[in-house]
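**Student:** Okay, here's what each chain looks like letter by letter:
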Amino acid sequence: MKAPPFEYHRPSSLDEALGLLAELDEAKILAGGQSLLPLMSLRLGRPEHVVDIGDLGILDSLVVEPDGSVRVGALVTHRQVETSAEVAAHAPLLHAAAPMIGHRPIRTRGTVCGSIAHADPAAEMPAVALACNAAITAVSSRAAREIAAADFFEGYLQTVIEPDEIVTRVQFGPWPRHRRGAVVEQSRRSGDYAIIGLACWLDIEDNTITDAALSFFGVSDTPIRVAEAEDVLRGQAPTQSTFSAAGRTAAGVLRPTSDIHASANYRRHLAAVLTERGLAKATAESGETR
Amino acid sequence: MRLVGQSVKRVEDDRLLRGTGRYVADVNPPGVLHAVFVRSTFAHARIVSIDAAAAGRSPGVVRIYTGAEINAMSYPMLPMLMLPDLYTPLVKALSDDKVRMVGDPVAVVLANSRAEAEDAAELVEVEYDPLDAVPDIATGLRSDSAQLWEKADGNVLYDHADTFGEVDAVFASADRVITERFSSHRQSNQPIETRGTVIEVDPVTGHLTVHGATQTSHMLRWGIAAYAGKRRIRESLKSLATKKERRAAFLTAAKKFTTDNADALKQSDNAGAAHQIKRDKSTLLHMNRMGLELLGQEDFPTVVAQDIGGGFGAKGAVAREDIALATAAIDLGRSVKWIEDRIENLTDGGHAREEDIEISIAVDDDGTMRGMKVDLVIDHGAYPAWPIGASLASAIMKVMFPGAYRFEAFSMRSRLVATNKGKYVAYRGPWANETWARERIIDVVARELRMSPAEIRLKNMYGPEDMPAAMLTGPTLDETMSTRATLERAIELIDRDELASLKADAEANGRRLGLGLACYHEAAPGPPNYNDAISPGSGALSNETARTVVESDGSIIAYTSQMPHGQSHETTYAQVVADEMGVGIDDVKLVWGNTDKTPFSALGTGGSRGGPLGGGAIKYASREVRRLVAEKAASMLEASVDDIEIVDGNIHVAGVPSRGLTYGEVAGAVATLDGEAFSHNQDYRGKGDGGWSCATHVCMVDIDLETGTVQIPRYFVVEDCGPIINPAIVDGQVRGGVAQGIGAVLYESAVFDTEANPQTTTYMDYLMPSATEIPEIEVHHLETLSPGGENDFRGVGEGGMIGAPAAITNAIEHALAPLGAKVTDQYLPPTKILELAGIIDPDRSSGSS
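For the protein sequence lines, the chains are A and B, in the order given. The numbers in the first sequence follow our numbering, run straight up by one, and end at 290. The numbers in the second sequence follow our numbering, run straight up by one, and end at 1139.
Chain A extracted, bound-state conformation (with noise of 0.2 Å):
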C-alpha cells in the first residue's frame, strides 16, 4: 500500500500554485489528504503531481460576514466547524454535520472544501453546500468565479471544477431567523459514511411551511434534493403527517442502488424515515434553542 510514484509540489503563495495548476498534468490538490492520500495508497488514485496547499495561510480563514453569511476557507477543517459556536449560530447544518464525519483524527485533518470538491455521493459536506445552495469558489490563472452548489456536482467524485482551479472557499449564506434545520443519518457503525443521510431545512412562518430544502446523500451518485417532497411541504403545517408525506415522496421519488451495506429497498424506506426524524428534528431543537 504505497502510493506510486508521484512528484510533490508545496507552493508557497496562491499565484505559484495555480502557476502549478495551470502548468502540471494530472495534478491533485493535497489539503487534508484524508480522501486523497488512501486513494493513492490504494494506487486507485494515480496523479503525476501532488500540489499540497497546506502553506497558504491565505485559504485558512473561517469568518462570519457582517450579512451572517459564513466564509469557510479551503483549509478550515471539520473539526473547526465542529467547535466554532460562531458556525453553530450562522451556519447549523454545516455545524450540525461535522461530527458525523469519520472520526476526530479525521476531522482534524479533513476539510470542508476539500470534502466538496472530491464530491463523495455519501459524504456529509457536499449534501449541506447543496441544501444551503453554497456559493463555491474556483480560482485559476485565468479567472475567478463563484459556482452554486446546485450547479456544482456532477456525478460520482465528478464536479464543474477544471484541472487548472482550486476551490478556495466555499460561503454559506445568512441563516434566515425563522429557518430551522437539521442532519440525520443512518450509518452502519458510528464515523462510517452514510448509507443514506438527509440535511434538510424548514422555514417557517406563521406555522406554515413557506420554503424547505431536502438535500439526500448517499443514495445517488451526487447529493440530491428532492424537488418533489420539498413541494409537498411549502404551504403546509409543520406536523408529524405533512412530514411523513414528504417521506413517502421523497421515497418514491429516488431510485437509490443496492451495495453489500443495504439494499435499493432499505434505501428508500430509510429516505421516508429519515425525511420525518430530520424534520421532526429540525422543528423539535429550534424550539428549544429560540
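Think of the hints as simulated: they come from the structure by calculation, not from any bench. It cannot be assumed that every hint is accurate.
A few chain B positions that, by computed beta-carbon distances, are all more than 12 Å from chain A [to be verified]:
no. : residue
1   : H324
2   : R696
3   : M757
4   : G800
5   : Q1049
6   : P1077
Not close to chain A: a few residues of chain B, all C-beta gaps over 12 Å, as computed [said to hold, decoys possible]:
no. : residue
7   : T549
8   : E634
9   : P947
Quick look at which bits of chain B chain A covers, simulated, 3 or more residues with Cβ under 8 Å [claimed, not checked]:
no. : segment
10  : 664-670
11  : 991-1003
12  : 1036-1042
13  : 1053-1067
From a predicted model like this one, the values you see are computed outputs, not experimental measurements. In this text, a Cβ means the ideal position worked out from N, Cα and C, and glycines have one as well.
Given the structure of chain A, go ahead and fit chain B onto it with the hints provided.
**Tutor:** Structure of chain B alone, referenced to chain A:
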C-alpha cells in the same frame, strides 16, 4: 499473598502501550529485500504466460521469481490431518499452472524498498485464460461446476457420515421431528497486525532466522525446514550417510516421540492416509523425499517471534508465502521481508465460518430431545489451510454438536466444498457454528412446544448428578462440564420485571425487545478421549513442555513454547511461577518465541491450551526447581528440606526468616558452567480427565423497527473455566470473544460477487465493530473444581466467540417472532432485520437474502 487468583496488572502493557513492543515489521536485517507478491486478478484461470522482463528493469528490483521458479526449489505442502474420506490437495508455494482465487500468488518481486517492489509488481504481465468461477457452496455442489482440483470428486473434497446410537429408531418413535436449515456467512479473523515474515540469512553461515508473527513457532520452523529450499535428493542422502550425529539425534527424538505418545498413536488408524494416497499418489512420494530432506538437513532454521498483534487462529498456520520467501532467501543468499497489507489480509489472511447446516431434532411432546441429525456443508475456499483448517473444524463440530444435552442418537454428514475464495482457517472457536445451529434450533423447538428456552434446556441438560457421563460422540464428561450450573445462575440474573417493563416501553416507541440465551461447553483442553474422538491419535500432538531456570545470579527465568499474541502469558505465567517459587511477579522473566531457547511444542498457542497445558507445564517445572533450590538451601542452613519456606524470595527455615538466604546466595553456591544453577524441563499433557470450560450467554436486544438498528442494552456471560489465574484477563478474553460474536452477527461479512471477486478488501467494507459498537459486557464467574484437584486451570480464550452468535440471533428472533420472523441466517445487518420484520421487501438484485 498468592498472585494466582488476583487481577494482577499486565506486565506487558507498559512496553506495548509506550510503543516499544517489537513486532515483525520492526525487524530490518542489514540489506533486507522487500517482497511483494504478484497476485491473480481472476478467481479461476489458467496461467498462459508470465512476462517479468519490464518489471525486472524497474528501479530497485533485485529479482523476480515466478511460481514455476519457486516451485522448482520447494516442496508442495502436504496434509497434516488425514481423515477417512478426506482429500486434501497438495499446495504449491506459488501457483504456476492455474489460479484458484483472486489474490492467488503467482510471482514474487524482491526490491530494495517496499514502494519499488509494489511499482514493479504492477509491471509483471500475467496472461490468464479465464475459467468459470465457483463462488459459493451451491455452485460447488453442482456436478457441472468448473473443477478446482483435478484429483477431487468434483468440488467436494470430503463427504463423510457418522452415526452414534439408533438414529432411525429414535426418529421413528419420537413424537415429532423439527427441521431447520441455517446458513452462516464468511467471516475473517482480523488481527490488528497482519501476517508478516522476515527471513534473515546469515551472510557467513547461511543460517536462516525466521522472524514471524506466528502462533506456533516450532511448527513454522519445521514447515520451513521441510518445504523450502529443496535440495537434490542425492545431496540429502550423502549428508545423511556422512552425518552420523545428525541421524542419531533425529532418530532418538523420533523414538522419544513414539514412546511418549504410545497410547495416542495406538489409537490412530490409517484410513485417512490411505484415502489421501489413493486420491493423490504423489503425496507418498513427496512425503518420503521430504523425510529424507529433514533427515539430511544439518541446519534447521531458527524461528524468533516477539510481540504479535493478535491472530485468532489465522497465524497458527505456515503460509504459502512463508515457503516462497524462504526459498527465495536461500536461493539469493539475502534476507527478505514481507509484511502483508490489509487488502491481502482481507482477501486471503484467513476466512472462516461459511457453512450451511441442516439440522433435525427428534423430540417428544414433553420436551425431551431424543435425537439429532445434522447435514453440514463447509465452504472450504480454494486452498486448504496448513496445517489445519476446514477439515479439523468439521471434525470438532461433529464431536461437539450434541452439546450439554442428553441425546439418545445423533448422526452427521459433513462435506467440504472447494470454491474460488480465500482459505478457510481455524477462527477462535473454530467449531462455533455447532453451538450456533444447535442453540438456534433448540429455541425453535421450544417455541413449537410452547416451552421457554430455559425450560427446554434445563430439561435436557446433563447435571452434576449424571457424572461421570460421556457424550454420544465419545468424550467423557465430569463435574467440570458445569453448563447447567451456568444456566441456572444466568436465570437468576435475569430481571423478569425489568424486562417486561422495558419490553412494553420499546413496543410503545416503534421498537422491539428480545432476550436470547445460549449454552455450551468446550474442550479446554478436554479429556484425552476428546482428541481421539476428533481424530484417533491426534492427542500425540498435545504435549506442552516448559523449562524453569534459576541462573547463578539468582534470577528466575521460565521458558514456554506457548506463543503469546494477546493472551497475557507474560503476566499469568509469571503469577503461576512466582507463587511456586515464593517470589514477586517482577522477579520472574518469561522467555518465549525463540526456537533455539524454548522447548518444543507442535501446536503452540491455540485450542485453549495456554492455561491448562502451558500453565501446567510451567507450574510443575517451577515446583521441581523450587524443590531443588530448597534442597540446596537445606544443606546450607543445616536443616531438613521439609522445613524450608520461601516467602518474598527469602529462603529460610520455617520460623526463622531473619536467617534466610536469597535465590542469588543459594544459586551462587552451585558451581555451574552454563550459568544455570537449577533447572527443570517439564512435559505436561493435562490432568487426564475433565478439562471442560462452560458458559451461558444472555443477550438482550432492542431493535428499531424503522431503521433495523440493533442495540444491545444488556449482555452477560456466566462462565466457568475452573480456578482463575487472573480475573481481569479472563474478563478480557470473554469480552473480546463476545465482541467478535457481535461483529459476526451485525457487522462483519466477507462478501464475494457471483464471479467470486472479493468485495470487502478494506475496512470501509469489511466492518469491524469498534468500541462504540460494543456494549458493556458483564462477566460472572463460577469456579467448579474437578474431582482430580490439582492444576485445574481451564482454557477461556475461545468461549466468548462460541456463545455470542447464538445468544444474539436467539434474542433477535425472540424480538421479531411476533412479526412472523424466523432467523436462519447468522448475518443480520439492518437491511436483513427490516426484511425479517416484514417492513421492507427483500431486494431482488442484492442477492443478500
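**Student:** When the structure is checked against the list of hints, which entries are broken? Sort them ascending.
**Tutor:** 1, 4, 5, 8 and 10
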